[in-house]
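Novice: Sequence:
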Amino acid sequence: MKYLLLLALVATASAINLIGRTQSAAARGKLTCNGKPAAGVRVKLYDSDSECYFI
1 MKYLLLLALV
11 ATASAINLIG
21 RTQSAAARGK
31 LTCNGKPAAG
41 VRVKLYDSDS
51 ECYFI
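Residue numbers (this note's numbering): 1 to 55.
Simulated from the structure, these hints should not be mistaken for laboratory data. No false leads were mixed into what you were given.
Pairwise CB distance ranges, derived in the manner of DEER restraints:
{"id": "1", "residue 1": "Ser14", "residue 2": "Asp47", "range": "18 to 28 Å"}
{"id": "2", "residue 1": "Ser48", "residue 2": "Val10", "range": "30 to 40 Å"}
{"id": "3", "residue 1": "Val10", "residue 2": "Leu45", "range": "33 to 43 Å"}
{"id": "4", "residue 1": "Leu5", "residue 2": "Ala27", "range": "39 to 49 Å"}
Cβ coordinates follow ideal geometry from the N, Cα and C atoms, glycine included.
Could you put the whole structure together from the sequences, leaning on the hints where they help?
Specialist: Structural data, given as structure tokens:
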């Protein structure tokens, strides 16, 4: 019985680690405006499918 409880706790802890992980993305390229390089511009990336599955 103790081993079953321990196994359940370990499985739960492992599952919690997989939910809500921090994800990151990067972009690399050249941003131009009217054919000229744009300097000092901040670009924000948005997740297009960011829906709330867990409420």
